[in-house]
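Produce the entire structure from the sequences given, and follow the hints as far as they go.
Sequence order for the protein chains is A, B and C. Numbering follows the working numbering, in which position 43 of the first sequence is assigned residue number 43; successive positions increment by one, without gaps. Numbering follows the working numbering, in which position 10 of the second sequence is assigned residue number 10; successive positions increment by one, without gaps. Numbering follows the working numbering, in which position 66 of the third sequence is assigned residue number 66; successive positions increment by one, without gaps.
Rather than coming from a laboratory, the hints here were simulated on the basis of the structure. From the three backbone atoms N, C-alpha and C, an ideal C-beta is built for every residue, glycine too. Watch out, some of these pointers could steer you wrong.
What the hints assert, rightly or not - Stretch-level coverage of chain A by chain C, calculated; a stretch enters the list once three of its residues show a Cβ under 8 Å from a Cβ in chain C:
hint, segment
1, 114-124
2, 216-224
3, 235-244
4, 295-302
What the hints assert, rightly or not - Just so you have them, the derived chain A footprint on chain B, three or more residues with Cβ under 8 Å:
hint, segment
5, 125-133
6, 171-182
7, 209-215
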Amino acid sequence: MDWTEILIDAATASIGPVAAAYALAAIGLNLQFGYSGLLNFGQAGFMLVGGYGAAITVEHGGSFWLGILVGIAASVVLGLILGGPTLRLRADYLAIVTISAAEILRLIVRSGWAEPLTNGVFGIQGFANPFFDLNPLATAGRYGWGDFTFQGRQLWVMIVGWSLVGLATLLLWKLIASPWGRAIRAIREDEDAARALGKNVFGYKLQSLILGGALGGAAGMLLAVEQQNIVSDSFLPQLTFFLYVIVILGGAGTILGPIFGAIVFRFLFQFFDGFMAQSQAEGWYGDLLDATDAQQIKLVLVGAGLMALMVFRPQGAFGNREELLIDDN
Amino acid sequence: MTTNTIAAEPGVAKPDPILVVDGLQRTFGGLHAVDVDHLEIQRNTITSLIGPNGAGKTTLFNLLTGFDEVDAGTFSLNGESLVGVPSYRVARRGMVRTFQLTKSLGRLTVLENMMFGAPDNPGESLSGAMFRRWRSAEADIEARSRELLERFGMDHMSSEYAGSLSGGQRKLLEMARSLMVEPDIVMLDEPMAGVNPVLTQSLLEHIKALRDDGRTVVFVEHDMDVVQEISDWVIVLAEGQVIAEGRPEQIASNPIVIDAYLGTQSNG
Amino acid sequence: MIGLIALSAPAHAQAETVGGTIQVAEGAERTPIAGVVIDISLDGEDIGTGTSDDTGIWAVDVPGPGTYQAELDVESLPDGVAPTDPDSTLLDSVIVRAGQNKVIAFRLGEGSVAAANRYKQLGNLFILGLKLGAIIALSAVGLSLIYGVTGLINFAHGELLTFGALMLYFFHVSGGGPGWPLLLAAIPAVILGGLFGGAQDRLLWRPLRKRRIGNIAMMVVSIGLALALRNFFLIIFDGQPRSLRDFAIQDTVDILGIPVVPKTLVIIGASLVILTCVGLFLQKTKTGIAVRAIADNKDLAESSGIDVQSVILSTWILGAGLAALSGVFFGVSESVQYNMGFRLLLLTFAATVLGGLGTAYGAMLGGFVIGIAIEMSTYWIDTELKNALALGLLIVMLLFRPQGLLGRKERLG
Chain A
1 MDWTEILIDA ATASIGPVAA AYALAAIGLN LQFGYSGLLN FGQAGFMLVG
51 GYGAAITVEH GGSFWLGILV GIAASVVLGL ILGGPTLRLR ADYLAIVTIS
101 AAEILRLIVR SGWAEPLTNG VFGIQGFANP FFDLNPLATA GRYGWGDFTF
151 QGRQLWVMIV GWSLVGLATL LLWKLIASPW GRAIRAIRED EDAARALGKN
201 VFGYKLQSLI LGGALGGAAG MLLAVEQQNI VSDSFLPQLT FFLYVIVILG
251 GAGTILGPIF GAIVFRFLFQ FFDGFMAQSQ AEGWYGDLLD ATDAQQIKLV
301 LVGAGLMALM VFRPQGAFGN REELLIDDN
Chain B
1 MTTNTIAAEP GVAKPDPILV VDGLQRTFGG LHAVDVDHLE IQRNTITSLI
51 GPNGAGKTTL FNLLTGFDEV DAGTFSLNGE SLVGVPSYRV ARRGMVRTFQ
101 LTKSLGRLTV LENMMFGAPD NPGESLSGAM FRRWRSAEAD IEARSRELLE
151 RFGMDHMSSE YAGSLSGGQR KLLEMARSLM VEPDIVMLDE PMAGVNPVLT
201 QSLLEHIKAL RDDGRTVVFV EHDMDVVQEI SDWVIVLAEG QVIAEGRPEQ
251 IASNPIVIDA YLGTQSNG
Chain C
1 MIGLIALSAP AHAQAETVGG TIQVAEGAER TPIAGVVIDI SLDGEDIGTG
51 TSDDTGIWAV DVPGPGTYQA ELDVESLPDG VAPTDPDSTL LDSVIVRAGQ
101 NKVIAFRLGE GSVAAANRYK QLGNLFILGL KLGAIIALSA VGLSLIYGVT
151 GLINFAHGEL LTFGALMLYF FHVSGGGPGW PLLLAAIPAV ILGGLFGGAQ
201 DRLLWRPLRK RRIGNIAMMV VSIGLALALR NFFLIIFDGQ PRSLRDFAIQ
251 DTVDILGIPV VPKTLVIIGA SLVILTCVGL FLQKTKTGIA VRAIADNKDL
301 AESSGIDVQS VILSTWILGA GLAALSGVFF GVSESVQYNM GFRLLLLTFA
351 ATVLGGLGTA YGAMLGGFVI GIAIEMSTYW IDTELKNALA LGLLIVMLLF
401 RPQGLLGRKE RLG
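Have a look at this one:
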């Protein structure tokens, strides 16, 4: 077993473009779930409209930069459509509606009916050339130390991706420290108390849903750009569940939690892949497991991990244990 | 403002009413939870609302403050109708309520709880938080919050989480927080419930101080001694209807009240 | 798993297809048939539709290697042509390797799948809708009852349904099982399904309630449970759908001129009887009344001497048993697959909200409305979009009547 290779692969994945995209989407989810108490189970849907908004625009003659605007606008509109009817209702309605909407969108995008626009199950490829044209690095060159290297093309996505993560974190930090941030935290604690004090609870929740959704849309675009390829089935409900693991792992309602969570999550994910691949190749399990079983075992562990985190360490790595112990009656 | 000249009868008109209710109805599955013909609350008085369990006191509070919708009837604050006005706008119009089960914002500190109560905070809108200078306004709000906390004797716990306070302290905090809104009228739903006797005395003093500041207070209470001590006027609710009104000593001797309220209290 | 592959691997260079030639064989003579429709799907999700051209040739591009299902749309066959075996119209494990142009064949001969008229088609869709509605209603009532007493929207409800179907498969078909007839095997499947739910309450949800974990956190826990269970089922049962042995092939009977397979009627009838029993249980029995009392006001119920924890346990057993039964019917109606419950979960949610969250009768009504709407809609819109339509219905409902068909307005917060 080559532990160095496994660890280097895992470390590479933990700061790679996908980790940046996950972190960005998780920052949005953290604003919604961690700070505002909104149960958005459809962040994958926001990512989908962001990515597809950009890809479809380019595919149909628009410029890449217009595509980015369309992608962000699409996720904002989705937030308005979903938030409007549900944010006045109990929290559980939002959960049901967001997961349903994300699935509706995925089903529509992959259907034959939408194929002229979305290319159905095959998705859209090669729409991000203007982005890569801006790359100042040598596309095929390798950058890094020893075995720990990235391709110039990949590194360019990482630089842009992590810069976006940094900007989003700064924005969130500024917002949460402002009276606006205090208001959404107060609403998370008790909506009625906020209403009785003259606060427009619905407006705050809608703003939080839309802002978090727009960050999700940007993350969806980042994923699509990195692959130069967008397919509907990248946006399965489990993508949202991964983001919950990330947010809770890092600590819901903490500024740096989503970044930390995304890095650790991607590290563990890749570490498990590498370990299983090598141990399988060495015949540790005989005929007991085949190659796809490893993927499924991983998802069982993700699910069990989400449960365990929520039950035993809901404050995550950065969360304040004391804050959580408060008996809220 | 005196109540001596007002007749002690249900629905009686009062000089300078701040809140006027007409034909208010709310039913739950056929049951009349609230059915008030006419009711006026006089400005700058302490009015207590009493009645047996299930008399509709909290439902009436919910209706008046926009937390529930009326089936029929009208009500107005300072002459302007409040029918269909959402709860947060009711608060902005000058009527602020507290809750029977205290709603302290547990994972905010006491000071944050207070500051959140302030109206018209420029940093509280999304665009304001991002683009406007809100720090000086925020500093003013903090000063006001600390002043109020001091008045309520809570200044030493301003950095504690509200969730770590005792039940009585939370009641006190909720009342202080509602004053941050600068309301004309404060609706207190059982402010004394579950509060120890020492704090009860201090709460009573605060309620009197509200009236001395020129505000109107309406509060729901079960303890008749408390009602007798601080009320200018008492309204008795039973089965959703106003069955009696009057000064505290008039109510104490009213046979209808003794029959409807005290009679059922023994088994409630 | 598709998502993971798509995320980690660049777009594959070679394109895979599934295709073939639609023709009627008479001795050595082959007559190509144009305009015949074939639906290709993967794990119960539509991939694409192919239509045969004048030479009978059709092909559908598929997104990558995998085990696909291909179904011949019998209604698209012209007059006088029918499958030689009426049950060979579904090929449920078409294995496509990387870069392969997989060829499959449907055996057709002269026969009488008479061109269905409008009445027949709509009538048939309505009955299919009733069947799907019954399956959804059973699942939705279970979800709604559990929600009523615990306040938990259980995202792992679908796995209760899958569990029932898997148990049925084990007792009925599986090599390691006893190989009982379907009707007998359904009994332990439903009982074990109920116990599975009871065990979840005792071992997971009750301890969490004791720790005073909030409903939002519980929902996230149920998401984790659903993900873990679903993939656990996938490991032990594999991905492809599997048919049951009994009643797989049935001759149709005529109901008011509409051909219906008897098992469909049995599913509808049995569901109606069981839903009625659930209604009677809630109205007449002591436990049922306690269930409603807790759903109405938990504190009041507790203070009036109801043993809330034991009623919650009973409700979990009942709700999970109903879900397992729903899974049994769903398996009989289509096939058994590791993700069948998850596929039905969002429709169950839609039914529950449509009828009024937390109202058992609303969930029943919502189930039938959703089921019928889904099946009937395929007369006008693409089959691929039918589930999207049902979920869209849910969102529209929330816009105009958020408390649901049978919900009371003041219950909303």
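Problem set entry | Proximity test - 8 Å, beta-carbon atoms, the segment 125-133 of chain B to chain A, at least three hits | holds (count 5)
Exercise. For the segment 235-244 of chain A, does the count of residues with a C-beta closer than 8 Å to a C-beta of chain C reach 3?
Worked result: Answer holds; 6 residues pass the 8 Å Cβ test.
Exercise. In terms of beta carbon proximity below 8 Å, does the segment 114-124 of chain A have 3 or more residues touching chain C?
Worked result: Result for this restraint: holds, n = 4.
For this session: Mind taking a look at whether chain A covers the segment 171-182 of chain B? Criterion is 3 or more residues with CB to CB distance under 8 Å.
Result: The restraint on the segment 171-182 of chain B holds, since 5 of its residues have a Cβ under 8 Å from chain A and three suffice.
Problem set entry | Verdict on chain C covering the segment 295-302 of chain A, criterion of 3 CB contacts below 8 Å | holds (count 7)
Exercise. If you look at each residue in the segment 216-224 of chain A, do at least three have a Cβ nearer than 8 Å to any Cβ of chain C?
Worked result: Our answer is that it is violated, as 1 residues pass the Cβ test (under 8 Å) against chain C, missing three.
Exercise. Count the residues of the segment 209-215 of chain B with a beta-carbon closer than 8 Å to any beta-carbon of chain A: does the count reach three?
Worked result: violated (count 0)
When the structure is compared with the earlier hints, violations turn up for hints 2, 7 and for no others.
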